[in-house]
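J.: For reference, the chains in residue letters:
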Amino acid sequence: MPELAHAADRRDAAWWVDRAVQILVLAGGLSAIVFIAGIFVFITREGAGFVFDRFDFREFFGSPRWTPTSSHNPTYGALALIAGTASVTGLAMVVSVPFSLGAAIYIGEFATGRVRETLKVLVELLAAIPSVVWGFIGLSIMNPLIIQVFDVPVGLNVLNSGVILGLMAAPIMTTIAEDALKAVPDTYREAAEAMGATRWQVTFKVVLPAARNGLVAATLLGVGRGFGETMAVLMASGHSINLPTSPFDSVRALTATIAAELGETAAGSDHYGALFVLGIFLFLVTFAINFAADVFVRGGQRKRRRRGRRPAASANP
Amino acid sequence: MFEATAQNRNNRKVEGLFRLLFLWMTCMLILPVALILGVLVYRGGPAISWEFLFTQPLNNMTAGGILPALVGTVWLVVVALIASVPVGVAAALYLSEYAPDNRLTRAINLAIINLAGVPSIVHALFGLGAFVIFFRFGTSILAASLTLAVMTLPVVIVATRESLQTVPLAFREACWNMGATRWQTIRKIVLPNAISGILTGVILEVSRTSGETAPIMFTGAAAFIPFLPQGVLDQTMAMSLHLFVISTQVPDVPEHMPFGVALVLISMVLAMNGISIAFRVYLRGRKKW
Numbered sequence: 000m001p002e003l004a005h006a007a008d009r010r011d012a013a014w015w016v017d018r019a020v021q022i023l024v025l026a027g028g029l030s031a032i033v034f035i036a037g038i039f040v041f042i043t044r045e046g047a048g049f050v051f052d053r054f055d056f057r058e059f060f061g062s063p064r065w066t067p068t069s070s071h072n073p074t075y076g077a078l079a080l081i082a083g084t085a086s087v088t089g090l091a092m093v094v095s096v097p098f099s100l101g102a103a104i105y106i107g108e109f110a111t112g113r114v115r116e117t118l119k120v121l122v123e124l125l126a127a128i129p130s131v132v133w134g135f136i137g138l139s140i141m142n143p144l145i146i147q148v149f150d151v152p153v154g155l156n157v158l159n160s161g162v163i164l165g166l167m168a169a170p171i172m173t174t175i176a177e178d179a180l181k182a183v184p185d186t187y188r189e190a191a192e193a194m195g196a197t198r199w200q201v202t203f204k205v206v207l208p209a210a211r212n213g214l215v216a217a218t219l220l221g222v223g224r225g226f227g228e229t230m231a232v233l234m235a236s237g238h239s240i241n242l243p244t245s246p247f248d249s250v251r252a253l254t255a256t257i258a259a260e261l262g263e264t265a266a267g268s269d270h271y272g273a274l275f276v277l278g279i280f281l282f283l284v285t286f287a288i289n290f291a292a293d294v295f296v297r298g299g300q301r302k303r304r305r306r307g308r309r310p311a312a313s314a315n316p
Numbered sequence: 000m001f002e003a004t005a006q007n008r009n010n011r012k013v014e015g016l017f018r019l020l021f022l023w024m025t026c027m028l029i030l031p032v033a034l035i036l037g038v039l040v041y042r043g044g045p046a047i048s049w050e051f052l053f054t055q056p057l058n059n060m061t062a063g064g065i066l067p068a069l070v071g072t073v074w075l076v077v078v079a080l081i082a083s084v085p086v087g088v089a090a091a092l093y094l095s096e097y098a099p100d101n102r103l104t105r106a107i108n109l110a111i112i113n114l115a116g117v118p119s120i121v122h123a124l125f126g127l128g129a130f131v132i133f134f135r136f137g138t139s140i141l142a143a144s145l146t147l148a149v150m151t152l153p154v155v156i157v158a159t160r161e162s163l164q165t166v167p168l169a170f171r172e173a174c175w176n177m178g179a180t181r182w183q184t185i186r187k188i189v190l191p192n193a194i195s196g197i198l199t200g201v202i203l204e205v206s207r208t209s210g211e212t213a214p215i216m217f218t219g220a221a222a223f224i225p226f227l228p229q230g231v232l233d234q235t236m237a238m239s240l241h242l243f244v245i246s247t248q249v250p251d252v253p254e255h256m257p258f259g260v261a262l263v264l265i266s267m268v269l270a271m272n273g274i275s276i277a278f279r280v281y282l283r284g285r286k287k288w
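Just so you know, the sequences run in chain order A and P. Numbering that gives the first Met the number 0 puts the first sequence at residues 0 to 316. Numbering that gives the first Met the number 0 puts the second sequence at residues 0 to 288.
Because the hints were derived from the structure by calculation, they are not lab data. It cannot be assumed that every hint is accurate.
Here are some chain P residues pointing at chain A (derived, C-beta under 7 Å) [what the hints assert, rightly or not]: (1) Phe17; (2) Leu80; (3) Phe243.
Chain P residues, not near chain A, derived (Cβ > 12 Å throughout) [what the hints assert, rightly or not]: (4) Glu96; (5) Ala98; (6) Ile112; (7) Asn113; (8) Glu211; (9) Pro250; (10) Val268.
Glycine included, every Cβ here is placed at the ideal spot set by N, Cα and C.
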């Protein structure tokens, strides 16, 4: 029927609307790229003056002296801030990685039915608690607790913020790790069970190795979360510049420094530029972490697809 | 034939032990938070009254209520939603309905992951550099909300994409076969079937947006403003920043006040998440396919 074919080929209003919508949604998709590029461009734009005039690579990464408000000799050494962030994030990971993976294994492999759904909902609710509330908890509940239990003069320290950060990062790691376990095809489990393996043997010898990449990605995203956390660390870490030697030392994190000092600087000053340089550093590190996590997830997917299996869940937030 | 050999019995015992271990680990994540919530309710509960919620702060925020902070948070959330929901839904439509499996799509996905992963304080720097300074919005609700919108965009995109993808391909194919264009299919078939899932994503974004502090500190929220905002170019107070300010910056705040603010904030956020989850469970229950 040629007239029907002709009718279907006509570029009527609906066709043009379709076209317009296609361009519109493409613009929406591209906006994500525009925003992430925009973030980099605008923080670089504000930090550029400092990078060209004042930035000294050796001082920035090698000196623990961060004294931007000193009137005669301001110094911009970020080493102590980096050490602060690293110590808090490190402790948080030590606390939360085993528990998160354990919880993911329980929820994914052992729990069934209603228990499983309830646990998943609870974990999701944990992830919703705002960081300023966590900071307040560190300040007003953990602080006196630590002073009392460990008999130390100040309870705002690496231990406090590490535990808080661990609790904050755990739900994300649990969720993503559980996704990774879920992405392991049931045929793997069935094959192992058919050989007479018990549930924990199946989990340890079959499921965990198969989900390894996803679990690494979950851990990486947890690290990224801890690294970038601002309010909780600002309120619970004690905020004093220190190269920490024990969990009871107060430290100051990169993120917290920006949050605490940006309000008091004049736009365009060295100090203001230096804070944006900290921001650039944070951006680049988290970008690298997220990229690495993505590569791990994709690595796992590709391997499984090669074997003709269902692709794994993605590490999307 | 199955025989309860020593090895089998041993395996069963080990399995039981591991099961307990993992259960304990799960509980260790949930119990501390439950305890903390209990403490917040116990110590913040007495502070909460109609007067606390609906009057102005007095005496340098050491007395009175939190009305401007509550109203400010509502402003920030509403403006952020207006900015981010259309963009987020469009992006999700592209990724779910149009995007081919190519480099561009991969780049978009990576950008979304990064938008969610970039530290909130970096979003604050971006908001300051872009909206406050470059676009000359000044420190205002508009600048703060746009910063929040960029930051929470991934929440909308991911939730919407997931709900679009639960609509079976067969629905679309049936519609295409009737001669409908892609957009007609999306509008008449895909969106009506996915709209409730999108709504849960929007509710999640409300929850996320209302709790954020760092991105609004330098872009539009102020520690103390004695009146309610009149438009999007005003500065405002916000619940999250108010909690930070009265618990760290202001001396002599009676102890129950920050606990009260924390309790109100966390109740708002958890209620939003609860609604979103309940909605999802309800929808899953009455799904037609």
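J.: Report holds if the minimum CB distance from Glu211 of chain P to chain A is greater than 12 Å, and violated otherwise.
T.: violated (7 Å)
J.: Please check whether the beta-carbon of Pro250 of chain P is more than 12 Å away from every beta-carbon in chain A.
T.: holds (14 Å)
J.: Could you let me know if the closest chain A CB is still more than 12 Å away from the CB of Ala98 of chain P?
T.: violated (7 Å)
J.: Against chain A, does Glu96 of chain P hold up as non-interface, every C-beta pair farther apart than 12 Å?
T.: Label violated. Min Cβ-Cβ 7 Å, cutoff 12 Å.
J.: Does Phe243 of chain P hold up as a contact with chain A if the rule is Cβ-Cβ below 7 Å?
T.: holds (5 Å)
J.: Please settle this one: Ile112 of chain P was flagged as non-interface, so is its CB more than 12 Å from every CB on chain A?
T.: Ile112 of chain P is in fact no farther than 12 Å from some Cβ atom of chain A, at 5 Å.
J.: Report holds or violated for the interface hint on Phe17 of chain P, using the least CB-CB distance to chain A and a cut-off of 7 Å.
T.: holds (4 Å)
J.: Minimum C-beta separation from Asn113 of chain P to chain A exceeding 12 Å: can you confirm that?
T.: violated (5 Å)
J.: Next item in the hint list is Leu80 of chain P. Is there a CB on chain A closer than 7 Å to its CB?
T.: violated (15 Å)
J.: Minimum Cβ separation between Val268 of chain P and chain A greater than 12 Å?
T.: Nearest chain A Cβ is 5 Å from Val268 of chain P, so the label is violated.
Going down the numbered hints, you'll see the structure goes against 2, 4, 5, 6, 7, 8, 10, while the others check out.
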